[in-house]
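Construct the entire structure; sequences and hints are all you get.
Note that the protein sequences, when read in sequence, are chains A and B. The numbering of the first sequence is the numbering used here, which starts it at 33 and goes up by one. The numbering of the second sequence is the numbering used here, which starts it at 3 and goes up by one.
All clues given are correct.
Chain A stretches covered by chain B per the calculated footprint, using a threshold of three residues with CB under 8 Å from any CB of chain B:
(1) 47-56
(2) 71-84
(3) 272-278
(4) 294-305
(5) 313-326
(6) 352-364
A short list of chain A residues far from chain B (calculated; beta carbon distances all over 12 Å):
(7) Asp-113
(8) Gly-384
(9) Leu-438
Everything labelled a hint here was simulated from the structure, so no lab data went into it. We put the beta carbon where it would ideally sit given N, CA and C, even for glycine.
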Amino acid sequence: MTVLGILLGVFLLLMALGVPIAVAMGVASVAALTIATDLPIVAVGQRMLVILDSFPFLALPFFILAGLFMEQGGITRRLVDFAAIFVGRITGGLAQVLIGSNLVISGTSGSAVADCAATGTVLIPAMAKAGYSRAFAAALTSAAATAGPLIPPSIMFVLYGAIASVSIGQLFIAGVVPGLIVGVYLSVAAYVISKQRGYPKLSPVTLAEAARTTIKAMPALLMPIVVLGGIIGGVFTPTEAGAIAAVYGFLVSMFVYKEMKWSQLSGMLVSAGVMTAAVMLIVSAASLFSWLLTRERAPDMLTGALTSLTSNPVVFLLLVNILLLVLGSFLEAVSLLIMITPIMAPLALAYGIDPIHFGVVLVLNLTIGLNTPPVGMNMFIVCAISKITVGEYTREALPFLFALVLVLLLITYVPQTVLWLPGLFPS
Amino acid sequence: MRAALEALSERLNRVAEHLLAFLMVVTVVAVTAQVIFRYGVQASLTWSEEVARYSFIWVIFIGTSVAARRAQHIVVDALLKGMPAALQRALGIANLLLCAAFFGLFGYVSILLVQNAVPQKSSSLEISIAWVYVSAVLGAALTVLHLANALLQPAPPEQA
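This is the structure we're talking about:
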């Protein structure tokens, strides 16, 4: 019991005081281990190192790198132009372009925050110029990026799959339908608002123009097809798909789009390495932390307490939804995913919930938190890009948050929306 | 003293960044080669996965030190931002000290692990596992150096 108290108390206190999350977990674990157990201190190093020797986690730096390459290659602009061909003629055309291009871009970067920054810098100024309210553009950008982690490749699915020992390939396939549902719901919400406010359509494009734009966007559009197709076809593992995507992204940006220079390569490799390290250090410290929790039988106690409270998986999922929406508005999504997966995944199993279904629910749940005040990460990014206050953002974000929560409830309580597609491609 | 430490931290970090870029290339190339050989040459590589896994561990610890130098480790600063500036500074210093102490301990423990690992050989390359774990010692040492440097710099210290 003392171990539990020290672990949670020290961790929460240090994290609140701005200590890096990984260090807060590490220090809490060291304190608990030395004060309340007779385990040797060397166990700290063993636990932190052993989790890192993993082929599935290796997909993380690869997809980060692929995303950086594609972004540098000017993929955002080309996909925006491409999306305009299909949805530009709808009322509020640019709003629809924003949603559409986010769905496609999320197939290359794997991170909601990256998508948000990428499309936001291009489209928020364009929308403001076309007469949209800045706050509306910002709120929609943030919400549309929520589809990112659902559509493969997805860094969050890599982390969940590697930590919970669930097939990352199956998770990738399972995320597709929910990602598209998010797109449709947001699209409807944006259409209704655009109609009310009389936001403009885009001018029509000629067939020749459309063809040119499509050809230009083709190399970028092929990336998600290669990744997902290769995994579904059993050609390669998700980690191998990541390496292929990184090489592909590099070749496209360097030799097809020619927007990347050799001199930039080293800096991008370092950025990807640093991002990888920042996430994996948390994975490493969380492994030590949750090992100590498990030694104290904390997950068992939690399972016991919860199952005695309710044996109904629907109620359990509702509790998870609420808990994560609250936590997600205070904590960054990837770190939170790493922290809760070791505890939540066994709980879901105890309730007989499919681990693939649970993973997708968890990820959407957490990414919605990126949009919600007070501290959603995407919210800050779009507020900075569009120079609006959190208050202005919040007013415009409410309809989209409502749409996102509806999707969350749909995929939570209708597991078929998640499990139907992977069921067609058994691994 | 201050200037010398900053110069040392800066120079070693530059070397670490070159190493990090090189290691990233090694992981990508090893895994890509694995796929190409399987389908192109119809011969499975036996060493590629091990090379990729081990250079990934090197990426993590060298990257950790670079992240410390750039103050890019992931923090929750919502509460901190609302505090008075003097308190923020004091907490920032305490924060750096705590991080340095943690990485110091982690580095020390890693040395013990390296010593234990010397006789253990990896399964396909048959190199000593100590070569893998030594990345943790090196990464921790560099991190402590960067944190100490940040502590001594006159500008209000950023969080690590």
